[in-house]
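Protein chains: 4
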Amino acid sequence: MKTLWTPLILVNFKTYTEGTGEKALRLAENAEKVSDKTDVCIALAPQYTDIRRLAQRGSLPIFAQHVDPIQAGSFTGYVLPDAVKSAGAIGTLVNHSERRVKLADIDAVVKRVRQLDLVSVVCTNNSHVSGAAAALNPDYLAIEPPELIGTGIPVSKAKPEIVTDSVKLTQNVNPEVIVLCGAGITKGDDVTAALKLGTQGVLVASGIVKAKNPDKVLLEFAEGATSV
Amino acid sequence: MKTLWTPLILVNFKTYTEGTGEKALRLAENAEKVSDKTDVCIALAPQYTDIRRLAQRGSLPIFAQHVDPIQAGSFTGYVLPDAVKSAGAIGTLVNHSERRVKLADIDAVVKRVRQLDLVSVVCTNNSHVSGAAAALNPDYLAIEPPELIGTGIPVSKAKPEIVTDSVKLTQNVNPEVIVLCGAGITKGDDVTAALKLGTQGVLVASGIVKAKNPDKVLLEFAEGATSV
Amino acid sequence: MKTLWTPLILVNFKTYTEGTGEKALRLAENAEKVSDKTDVCIALAPQYTDIRRLAQRGSLPIFAQHVDPIQAGSFTGYVLPDAVKSAGAIGTLVNHSERRVKLADIDAVVKRVRQLDLVSVVCTNNSHVSGAAAALNPDYLAIEPPELIGTGIPVSKAKPEIVTDSVKLTQNVNPEVIVLCGAGITKGDDVTAALKLGTQGVLVASGIVKAKNPDKVLLEFAEGATSV
Amino acid sequence: MKTLWTPLILVNFKTYTEGTGEKALRLAENAEKVSDKTDVCIALAPQYTDIRRLAQRGSLPIFAQHVDPIQAGSFTGYVLPDAVKSAGAIGTLVNHSERRVKLADIDAVVKRVRQLDLVSVVCTNNSHVSGAAAALNPDYLAIEPPELIGTGIPVSKAKPEIVTDSVKLTQNVNPEVIVLCGAGITKGDDVTAALKLGTQGVLVASGIVKAKNPDKVLLEFAEGATSV
Chain V
1277 MKTLWTPLIL VNFKTYTEGT GEKALRLAEN AEKVSDKTDV CIALAPQYTD IRRLAQRGSL
1337 PIFAQHVDPI QAGSFTGYVL PDAVKSAGAI GTLVNHSERR VKLADIDAVV KRVRQLDLVS
1397 VVCTNNSHVS GAAAALNPDY LAIEPPELIG TGIPVSKAKP EIVTDSVKLT QNVNPEVIVL
1457 CGAGITKGDD VTAALKLGTQ GVLVASGIVK AKNPDKVLLE FAEGATSV
Chain L
1277 MKTLWTPLIL VNFKTYTEGT GEKALRLAEN AEKVSDKTDV CIALAPQYTD IRRLAQRGSL
1337 PIFAQHVDPI QAGSFTGYVL PDAVKSAGAI GTLVNHSERR VKLADIDAVV KRVRQLDLVS
1397 VVCTNNSHVS GAAAALNPDY LAIEPPELIG TGIPVSKAKP EIVTDSVKLT QNVNPEVIVL
1457 CGAGITKGDD VTAALKLGTQ GVLVASGIVK AKNPDKVLLE FAEGATSV
Chain A
1277 MKTLWTPLIL VNFKTYTEGT GEKALRLAEN AEKVSDKTDV CIALAPQYTD IRRLAQRGSL
1337 PIFAQHVDPI QAGSFTGYVL PDAVKSAGAI GTLVNHSERR VKLADIDAVV KRVRQLDLVS
1397 VVCTNNSHVS GAAAALNPDY LAIEPPELIG TGIPVSKAKP EIVTDSVKLT QNVNPEVIVL
1457 CGAGITKGDD VTAALKLGTQ GVLVASGIVK AKNPDKVLLE FAEGATSV
Chain E
1277 MKTLWTPLIL VNFKTYTEGT GEKALRLAEN AEKVSDKTDV CIALAPQYTD IRRLAQRGSL
1337 PIFAQHVDPI QAGSFTGYVL PDAVKSAGAI GTLVNHSERR VKLADIDAVV KRVRQLDLVS
1397 VVCTNNSHVS GAAAALNPDY LAIEPPELIG TGIPVSKAKP EIVTDSVKLT QNVNPEVIVL
1457 CGAGITKGDD VTAALKLGTQ GVLVASGIVK AKNPDKVLLE FAEGATSV
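Chains as they are written, first to last, in the working numbering: chain V, 1277 to 1504; chain L, 1277 to 1504; chain A, 1277 to 1504; chain E, 1277 to 1504.
Same shape as in the complex, but just chain V (with noise of 0.2 Å):
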């Protein structure tokens, strides 16, 4: 059986300096700690390498940045859905705007990864995408328009059509789908904002991962996802 979480802060390390090793310890005690104080679900993102290490904490959610739509065989240097599930994650990113996927692919690594009860989040980067993205059923969808990632410019400001597009098309296509939103989120009111468009959660990286006191920031952000 597989929890999905609601309001949800997924917070994604990428391949950045502040988020690899020791350092993504540090960061995943951070989070426990805010997770604790607010009862907000704040999941994590790590590299492969970096996910027993945090899964075996036993405290947050864990998520893959990415599995390959593979099955166990001879695929030396590929992501095998049941080696990150073995390693201790809960589900896996699908389709990050860094590492985009082919429609069929999506449709299989979706599919496979729900035979495996891990949770999927497939990634869109405008509302006809989420539409395509939600046949597909997928448990989350994350919209995140490409352009403004890394930013600081919040999606829920500069694009709030995007959102409330994508949350409607998703509505039409397949209701069960749950939406995140991501992209320029480095602040509590970001995140309160993305809810109110309609969205249940928020997919982060650098706003968490590269700010000076990413605890302090994270604190906020489960604030802000609270105070909707």
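Everything labelled a hint here was simulated from the structure, so no lab data went into it. Heads up, some of the hints might be wrong.
[Said to hold, decoys possible] In silico BS3-like cross-links for lysine-lysine, where the CA-CA straight-line distance does not exceed 25 Å: (1) L:Lys1378 to V:Lys1387; (2) A:Lys1444 to E:Lys1444; (3) E:Lys1387 to A:Lys1444; (4) V:Lys1313 to V:Lys1486.
[Stated by the list, open to error] Negatives, chain E to chain V, calculated, CB over 10 Å: (5) Glu1452; (6) Leu1473; (7) Ala1487.
Just so you know, these numbers come straight off a predicted model, no measurement behind them. Even for Gly, the Cβ is constructed at its ideal location relative to N, Cα and C.
Following the hints, complete the assembly by docking chains L, A and E onto the known chain V.
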């Protein structure tokens, strides 16, 4: 202005020897005769290097087999949508099972092709993917279970539910999209069966291009398309 | 039998508007005049859809910008080496910096192209890669530091040691390979400088295709090539 | 400082079930015993998620199966060389036949890996490609004809000339590169034969990982490596 034909028989020449160069020209001449005689639209998707010569005949609609999600610029070796248009193509296949495309790129190509007044035919491999493709608003979608391609076992017999589910999901998500089907179609009856399942045409390749008498089979197909 | 020209001016039309369709034809007409007047070989690499029309003029050698490592068969949307040959191309670029290719596929393409009596021009980005490419036994290699492409800063001035090292490594590994260079070449002097560094020609794109007077610049290039 | 071992038995766990999670740990324990007993270096290439746990045992050298040509930054889902190092890997496979890499990226990865004091093992598929790989100056190269991988027919028997030609070409191009060979190796004799052809070790996968008694076969391999 763009014309959308129904029923449509769309013949993919792939990179078959039987569909390259002079042989592509022979196939086109035969297809013209059948189309004239039966009044069924037969469209042809030859290789890039044969597009202009076939289009110059001015008779049948010519499609590219693929175009890349690019604008004019520094993209050595890629296929510019504007270039296939300037060569006389009136549309393009997108995401054929042998040339799968990233979700975001299918969206970008469908939009770019529309700006250029070209027709898009997005290929899909199962009904979920058909629903997703429909959300991207192409002109046509062509459902082809990849495991049947080239087998001579028609999808309309082996997996009719994939076709009917694709038609149904497309109706729900975007009823303006015209559904074709393909894979394993070798006889006129297969075409009739495909139309009876709710499609408005077929996408074929080896069934015509590698047939001993392509013109005879093509005539059967066209008659099959009008006998519904 | 295949001819290998030196010195060679090879003009890559990329997917520039200025090198597509009718404009590709104009460029070819101008290049023919310059080649006739100066007796320098000017080869052209237009888009796939323009290969046949330019080749039919019968005057200058026409190259594809890329071909795929495939044999005739079920490869929808790919570029069959045999097809570009049947359209009249006499060779192909391989591994252009905008269309990088896997090592094993460069090897496969160079071998296939040789079987078809087509000429291969493998592009490289630094001297180590030039050494590697030479080991694969192409007819030509073209060293182009990608950071200089399209800048107007000629490699012969900015990084002459990349060119001389490429020439030296190629001599060591496989002295039969003819070395060209490219990137940032916009004047006749740049061509002269390139030949003085030990190359036997240039690979150019925007310097010609996007020039205000392509025929004037091309004439300068050809004169630069004969003034060494 | 980096150590380069000879002879080397490098075991690729691929994404086999038998080499994932707890089973990866069992394989490592067995390999440690064999290495202790025979004093032959056995290196292991598990999946990314298992690198840290195996490396923490501190006994055998652990390799990644692949790393991407990236620096720290915004590369969601990719494999950062620094991350596999921070997890304890001492090197990486590059360009395995199941994970082919672009020529320019092999060059970039070999250089990056060297900066990080990691060991590179570049895989090749024939002798020309071996010559090309040698020019890129990796620590090791591993020649594996892909058609023999997983067959149980050892390359040393089926195609000894590919191995000896690879050794010869590598000697000519870059004598510092250590040559391994792989594909179809299932017995101690196959290892001995490989060394007699001029290699200094083997790259194996199913022959060990999917063996009924991996420790018994591994012992045979190690004994085969010392009986030359």
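Handout entry: Contradicted hints - numbers only
Key = As far as the earlier hints go, not one is violated by this structure.
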